[in-house]
Amino acid sequence: MQLSDRITGAAIAMLGSVAFLYGSKLPPVPGQQVGPSAFPMVVGAGLAICGVLIVLGIGRHFEEVAEADVISHATPEELEPLPAWRSWLALLPPALVFFYALASETLGFLPTAAIMVLTASFAFGARPKLAVPLALIAPFFINLIFLKLLRVPLPGGLLPFPW
Amino acid sequence: MNTVIQAFGLVFAWDVLIAIFASAIYGLTVGALPGLSATMATALLVPVTFYLSPIAAVATIITASAMAIFSGDIPGCLLRIPGTPASAAYTDEAYAMTRKGQAETALGICLWFSALGGIAGTLSLMILAPVLAEFALSFSTYENFWLALLGLMCATLVARSSPIKAIAAMLLGLLITCIGIDNPGGVARFTLGSTDLLGGIEPIPALVGVFALAEVMRALTEREPPKMPHRRLGSILKGQIALTKQYPKQQARGNIVGIIIGVLPGAGADMAAWVSYAMSKRFSKTPEKFGTGHPEGLIEAGASNNASLASGWVPALLFGIPGDTITAIAIGVLYMKGLNPGPTLFSEQASSMYALYIIFILANIIMIPLGIVMIRLASRVVGAPRSAVMPVIMVFCAVGAFATAGNNLFAVYCVAAFGVLGFVMEKNGFPVAALVLGIVMGTMVEQSFVTSLIKSDGSVLPFLSRPVSGVLAAMTFAALLWPVFSWSMEKLRARRAVAA
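First to last, the sequence lines map onto chains F and R.
The C-terminal residue of the first sequence carries number 163 in this note's numbering, and the numbering is unbroken.
The C-terminal residue of the second sequence carries number 663 in this note's numbering, and the numbering is unbroken.
Hints in this document: simulated from the structure, not taken from any laboratory.
Heads up, a few of these hints could be off.
Claimed, not checked - Here are the simulated lysine to aspartate or glutamate pairs, EDC-like style, with alpha carbons at most 16 Å apart: (1) R:K590 - F:E63; (2) R:K590 - F:E64; (3) R:K590 - F:E67.
What the hints assert, rightly or not - Here are the computed distance ranges between Cβ atoms for each label pair: (4) R:M638 - F:G57: 22 to 30 Å; (5) R:G362 - F:A11: 21 to 29 Å; (6) R:P389 - F:L56: 41 to 49 Å; (7) F:V65 - R:R395: 36 to 44 Å; (8) R:K390 - F:S4: 35 to 43 Å; (9) R:W645 - F:I145: 41 to 49 Å; (10) F:R60 - R:F175: 53 to 61 Å; (11) R:W650 - F:A84: 28 to 36 Å; (12) R:P532 - F:S17: 54 to 62 Å.
Remember, it's a predicted structure, so these values are computed and weren't measured experimentally.
Here a beta-carbon is modelled for each residue, glycine too, at the ideal position from N, C-alpha and C.
With these hints in hand, go ahead and build the complete structure from the sequences.
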């Protein structure tokens, strides 16, 4: 997930320019010089400038100082690089949260959360001996907390909370 | 006097006391788990505070954050892994003491001076806030604009990253607050035709995504920390009074530095600890002992990070400008609970303010007994497998956001999106704290900016010509140019060194 400064800088510059253009097209408030377009234009322009500066590598020096500081405080094992697939694994939690948003209404909270916990637990390298009971018990407890203590009804779906 | 009695009545209600106790245990546990930060502990609490009374809600945040900052020291002492980033500065020192067989002294220092620092911070809040409130009453939109901007600039200055990237992150946060119809013209901006985006992006799901979900993501890409061996510990508080007497100067300096850094917007406990540790070393009579298990730096930095917590509330309560990431979350809760930040809070809701002070002091007092229990149980808590803790936190992120947004699934999508954004930003050196400050303060910055411009008929002159406003503007520009200055100074010095 580590991208070069050129890519992130260019993306920011693009975003800033788009925001500036979009902002400039917003309808003004009649009778007033300043309206809803002012702020997006200022922020957009600022972002565009920052993006260009990042592409040019300005300010990189400060990052190097900070990185050297972190490395001097880390143990050798922490600095060994992990295999590349591990960094893609990082997308699993947001994908599971996305899945919750899609499925919780139809499936219900308990099954959805159980699937989430089971998958994530395996991804963290848990044995089935830990992951399966966790996936069965944790959603139940979370539902209990939200329903009884906070009085938030969570979606029942296929498997409503038993009481 | 009447308001003080009222305040005691507010705090010593059953629901508040239970909230303090429960959040203390929660904060101690989360802080002690490596990889879970105090900010994350606070972000995950927000959905719960939604359903509590205003004082109980504020109490949970204050208590949980104070406990988490202390208990982050525990795995630092025993494992050389900071439980929260705020302990990172002196982890080596604390671990060196443990290796010398002084684990209980090191943990005792962390606990005792954390509590003292927290109380010092609270005193500063009690003294500073009302004085500044009086001053702040005379502020108009021009001053508020510069103050907010200065706050944002400070956040980029202390980010320990490229200042340009920090400014970009902050501007991105400001741009995010442009989404929706909550703007001076009431026009739908950046909604791309989506009805969900009309209401804008709520700060809470964004915070949960950036601080909690992104942490879960990062944990997946990192190794599991090693198991902690069970260790028998002696008396924790033994010798602490003697140390207090032996190092009064260090302690006072740590408290003061912590308070100052806490008040500065955007700079929080982590920064306070780094600065104090460095200062302690520089002014020490025995700097060569640092890093070998010497209590001096530990005392100063341990006091400093807890002192910064309370003083971080000063700008938050007065101006709605967060002193650190924890108060950024707290501001959201204050608004939610009708305790809108502003100088009038101190006259109109005086009893609530006193209650807040009492909670701070109470939290720092119960930190000592509960902290000792936590230290004794540490080997069990720190040993909790990540594969059990992280999945549950992930579910909490989803459900919590869903509940705070009034059972709206759009908030859950926001959590996922901001989790990815926070993770990618962090990996590429863009400080997420600056992004969050932008999101929290964006609406206020825009309002004061546009209102001021409307008042002045589009002229920028009044932004600079009013005395207080001019000073604040100068400070903002100084903050903007500081990195350039420090960089060129360093270049100059390097050139001189080469020449000599």
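Problem set entry | Status of the given 35 to 43 Å range, CB of S4 of chain F versus CB of K390 of chain R | The hinted range 35 to 43 Å holds for K390 of chain R and S4 of chain F, with Cβ atoms some 38 Å apart.
Exercise. Has the given pair, K590 of chain R with E67 of chain F, been kept, meaning a C-alpha gap of at most 16 Å?
Worked result: 12 Å, holds
Exercise. Does the hinted range 53 to 61 Å hold for R60 of chain F and F175 of chain R at CB?
Worked result: 54 Å, holds
Problem set entry | Satisfaction of hint between E64 of chain F and K590 of chain R, Cα-Cα up to 16 Å | Holds, at about 14 Å.
Exercise. Quick one: are P389 of chain R and L56 of chain F within 41 to 49 Å, going by C-beta?
Worked result: Holds, since P389 of chain R and L56 of chain F (Cβ atoms, about 42 Å apart) stay within the stated range.
For this session: Return holds or violated for the Cβ distance of G362 of chain R and A11 of chain F against the range 21 to 29 Å.
Result: 26 Å, holds
Problem set entry | Beta-carbon spacing of P532 of chain R to S17 of chain F - inside the hinted bounds 54 to 62 Å or not | 58 Å, holds
Exercise. Between K590 of chain R and E63 of chain F, does the CA-CA distance stay at or below 16 Å?
Worked result: 12 Å, holds
Exercise. Honestly, do M638 of chain R and G57 of chain F meet the 22 to 30 Å range at C-beta?
Worked result: Distance hint for M638 of chain R, G57 of chain F holds at roughly 28 Å.
Problem set entry | 36 to 44 Å as the expected CB spacing between R395 of chain R and V65 of chain F, which holds or is violated | Since V65 of chain F and R395 of chain R have Cβ atoms about 42 Å apart, the given range 36 to 44 Å holds.
Exercise. Do W645 of chain R and I145 of chain F keep their Cβ atoms within the hinted range of 41 to 49 Å?
Worked result: 46 Å, holds
Problem set entry | Range agreement (Cβ of A84 of chain F with Cβ of W650 of chain R, hint 28 to 36 Å) | For W650 of chain R and A84 of chain F the Cβ distance comes to about 34 Å; the hint holds.
In summary, this structure violates none of the numbered hints.
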